[in-house]
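Participant: Letter by letter, the chains look like this.
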Amino acid sequence: MPALPPLASLAQLENSPSTDDGLPAVLEEDLRAYGCKLIHQAGILLTQKQVAVAAAQILFQRFWYVSSMKHFGVGDIGMGALFLASKLEECPIRMRDLINVYDVLLQRAAHTIGPKADTPFKYHPMSYFGTAFYDLKESLVVAEMQILKRLGFNVHVVLPYGTLINYLQVLGLIKQENACTKAWGYLNDAFQTPVYALYQIPTIVCAAILLTIRHLNISLPSEAPNCWWELFDACWEDMWNVCGYIMRLYRERPEAEQKRVLGLVSKKDVRRWLEDNVPDK
Amino acid sequence: MDAVEKANAARQQQWIKDRKVGEGTYAVVYQGREATTGRKVAVKKIKVGQFKDGLDMSAIREVKYLRELKHQNVIELLDVFSSKTNLNLVLEFLDSDLEVIIKDRTLVFLPADIKSWMAMTFRGLEFCHRNWILHRDLKPNNLLIASDGQLKIADFGLARDFADPGYKMTCQVITRWYRPPELLFGCRYYSTAVDIWSVGCIFAELMLRIPYLPGESDMDQLKTIFRALGTPTEDDWPGHAKLPDYVPVGQFPKPPLRDLFTAASADTLNLLSKCLVYEPRKRITAKDALSHAYFFALPYPSHPSKLPKCSTVMNKPLDEIDANVEVASDPGAKATSKSLKRKLASPTEAKARSIARRLDFSKAPPSSP
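In order, the protein sequences belong to chains Z and B.
Numbering-wise, this note's numbering puts 176 at position 176 of the first sequence, and it's gapless, one number per residue.
Plus 1000 on top of the position in the second sequence (first one is 1) and you've got this note's numbering.
Extracted from the complex, chain B is given alone in its bound form (with noise of 0.2 angstroms):
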């Protein structure tokens, strides 16, 4: 045994493995703990001899951007180890996510509670996109909630940086109802607007409690945007017309954001449509966001500690872990079943993307407390 291998074989000790929570296609997640402090953690642990082609691109995303991003709103990699073939990652341990909690109907949230969400998601955006990494696959289920209230954004499977300008990507990124509309049209040159549309998105789902933008595929999504939103005009959009996917999908008439969210304040409404904005370069930045009026105006976020929380402790630190992420799921699986969640493929398996792979983690029986 040399050097490597002996200071891997420490490091694997220190974790330990209590229980096995869930399993995707490549990875199966135990909820463990260290061994030294009793702290819980989360050990994802990648498949790797079955894969087709090595390590699956997205267990080596999140190795390389969460080794990086240390943050108190993105998700920890506490470790990194590797046992006989198997890549183990080692993350933080965290209750719930931001899905379940909106689902949660026994739930009232406060606009304090929702600012103070939104503070935390565009904190940890933010600090992502300053050392220029796009997450693009922002929604709430990749919002997780540690015990203490903060949010943490989770699941870097599909993130990646973009330093480099006029970088050509794939516009296969985003669960379908946060997808911003120029990767609808098929863009393949973005920037950090894709993640503050998916943002907005969030944002209006915290207050209807319901997916704002809900499309059944591509094509009604874009149809989703424009009946809430109007049809961009040249003008509002200038140059969408020309993008390699552009279709023409109907004139609809921009309504007032007022009429759907009756309750909200002005501030709130005029934050929800600068992330909402058609031209992404128009859309406001994470960092703009975090001195917009919202945040200042009464009333002020609230302390985290003080959210709401769920009243049964699931088992589902799940979304998280779940490392099998998929491209073009079926978001109406969640409107027909909540067992089914929504999942991302990795762009590079883009044949298997038709089938929606569905899991079922939530068969656990709920412990409450």
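Just chain Z, with the same shape it has in the complex (with noise of 0.2 angstroms):
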């Protein structure tokens, strides 16, 4: 009975909550990304589990086909996130360090795009029973039950690690060190994406093996009626999106646009942002 992952409708797909509000799609993605990006390192500084951070990473990805982000922060629900999987996953962590450590990774962020910004980074500590303790505590709080509300309380999420080991097992690759290495991180590279999201995961795993041969020129048998992908029930339409979602990632991007999304953490941000930016309609 093992349940397939729920995936969002290509409805859910063409018109997400947050692109409905105004916000553009590139622009959505972009924070997906970094919200993810600050689950991963939070994660690393908590020396999380990478399950409970991988799993954290595909709730949030679920969580904005269903929520706009002028509602929900990115930089909360991803606390929120994380926090939730480490339960879920049998490794709790304390509400006080994850605080600290997203105080410390947005107060950098934010120092990066501030006027002190080519000066070195230093942190302070917020005070142990000040009010900036307990308001991001309170909406910890709130973003665990909106996530657990708005995902309808389906927290099933499949990992594709495993998956990952038994496809290189069948190709013969498990030997190859790098190629094992590189597809490896290209499926936590992936966790920035929505295809965790879209797609079930031997498709997700199948694609990651694609771009891991493609960039070590293996072959495998890849002509009609001899494809590898169709061992495992994959199709060529739908790995090549998903590899096109994980490219997508490695692309140049002007400075303006990388720093854009730091400043976009807080959904009071991203409100500012469009009242800037959108004209009212």
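Think of the hints as simulated: they come from the structure by calculation, not from any bench.
By construction, the Cβ of each residue, glycine as well, lies at the ideal position given by its N, Cα and C atoms.
Incorrect hints may have been included.
[Unchecked claim] Some but not every residue of chain Z turned toward chain B, in silico, with C-beta under 7 angstroms:
no.	residue
1	Val66
2	Met95
3	Glu138
4	Val141
5	Glu144
6	Lys149
7	Val155
[Said to hold, decoys possible] Chain B stretches covered by chain Z per the calculated footprint, using a threshold of three residues with CB under 8 angstroms from any CB of chain Z:
no.	segment
8	1003-1009
9	1059-1065
Combine both chains into one complex, guided by the hints.
Facilitator: See the structure below:
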């Protein structure tokens, strides 16, 4: 009875709640990626298990198919997703630790785009009983509940790692260490894209393998009727789409575009941006 | 109101809360019904605002596992919705539990009745294990009985998945009297065998009508087990002396089970002894138990509708509901006072654990039919 994880519908994909609120699709894409990066960084600083970090990123990506960035900030929701996923994966973390780690990350981001960006970053810890802490704690509790509620309490996620090992073994690539590492890396980077909310795991794993063999010049049977991905029930078009999502992460971006997301972590920032940039409907 | 809020509100209106039937630290329980059909349900409202650490782990585990499990012998989670800041779980409403039935001295159990309860327990458990879920808190008051006699495994507040071998897990689970010796010795890597031990204890309790291994402390629990089943030798259980919390607790001879279970058939004792094997790897699995000769020998299991039922309808579908799981409860509480319940604390709350939380749900006047 291994339940398949829920995926976004075509309608949800075409019109996300954030784009309905006027946020350009490309900005939403960047903010999703940035939110996931924050989750990943926080996970590393907290020495949290990768299973919890990965599950958090999947929940985070799903969330934006039912909610708008005008109403929820990627910072809060990312923090809530990591908190919830840590409980789901049986490795709970302390709220205070999580809040402190997010505070460091967000202060550093604010510093990078602030007026003193050319000076070295220095962290100013929040006071132990200060309102800043209690405000963040409150929003963390709200975020956790909102994620559960908006995902219909459906928190089942499937991670790709076991499947990757299995497929590499079948394809006889398991002994090639660089192939494994590379494919593993593509799977991890893919968490910054929405693919885990759009395609089933076998398709995503095949895409990671496809990128790997292309980049390492490994040849596998790829002509009909002998296509290696068909062994795993993946179809070429889906796989190619996933590859596209992943490769887009690595494209060259002007610095202004890269920094734009750093100032849009909270819903307030997003609202202000919408007021400044989107003419009233 | 966006689509999500609307869906949630619609869902909320489907369930009507009638009366409060109990309150624990983390949850308030209501008896209620489905608006359209009038079907009775239990609504477990998890209080969120007041927790220190957001949503309670046991509530999250219940949502996570019960959403996935659907089986005749596992309690059904009908719906989940949130109201303001609270989380509400809508569960099947069940009239009583096995503990109440065992304690009701007016009832007489036939061997066929016990066989029927055991079969339903193993069926539900086999389903959980087949789906890679450990229950980790099996005891008579977590085995609920529906009005048609069906037994359902409830309270997944301590459950977890075990797909990953070699994954360290806490040994502070399972109410002491039903806790297997490997957990008492501090084993951090364990599997389905822990649940089977609990079922063995329940099996024995059904025959004896009193708890089989009522230890007074963790240390006394080991002694109680060894007194009943003999101290394990290195042959019985290779490597047990190397477990983290191993302590020798004295040498006890192994008395034949027959001495205590005088009326039991040979098949019965054979299955019981296979559930209570010291070496976890040699303990019978739920799947093998279901095809054990015991279940195919006469007398055949009673039909659920023919099983003994409580004479009084109690105010008590409560344990299913009681979100308030706590680890080191004081099992002695049960022996001294009927109104006190044994519970388990959520492992995240290790510090609060030394104080047994006692709740009295039994104050409401018993309504007799």
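Participant: How about the segment 1003-1009 of chain B: do at least three of its residues have a C-beta closer than 8 angstroms to a C-beta of chain Z?
Facilitator: Result for this restraint: holds, n = 4.
Participant: Next item in the hint list is Z:Glu138. Is there a CB on chain B closer than 7 angstroms to its CB?
Facilitator: For Z:Glu138, the interface hint is violated, since the closest Cβ of chain B sits about 10 angstroms away, which is over 7 angstroms.
Participant: Does the nearest C-beta of chain B fall within a distance shorter than 7 angstroms of the C-beta of Z:Glu144?
Facilitator: holds (5 angstroms)
Participant: Does Z:Val155 meet its interface restraint, that is, does its C-beta lie within less than 7 angstroms of any C-beta in chain B?
Facilitator: Status holds, d = 6 angstroms.
Participant: Quick one, is the Z:Met95 hint okay against chain B at 7 angstroms, beta carbons?
Facilitator: This interface hint holds because 6 angstroms falls under the 7 angstroms limit.
Participant: Quick one, is the Z:Val66 hint okay against chain B at 7 angstroms, beta carbons?
Facilitator: Result: holds, 5 angstroms to nearest chain B Cβ.
Participant: Okay, the segment 1059-1065 of chain B and chain Z, do three or more residues pass the C-beta test at under 8 angstroms?
Facilitator: holds (count 3)
Participant: Can we keep the Z:Val141 interface hint, with Cβ of chain B closer than 7 angstroms?
Facilitator: The hint holds - Z:Val141 has a Cβ within 7 angstroms of chain B, the shortest such distance being about 5 angstroms.
Participant: Can Z:Lys149 be said to touch chain B, with a Cβ gap under 7 angstroms?
Facilitator: This interface hint holds because 5 angstroms falls under the 7 angstroms limit.
Consistency note: the structure conflicts with earlier hint 3 alone.
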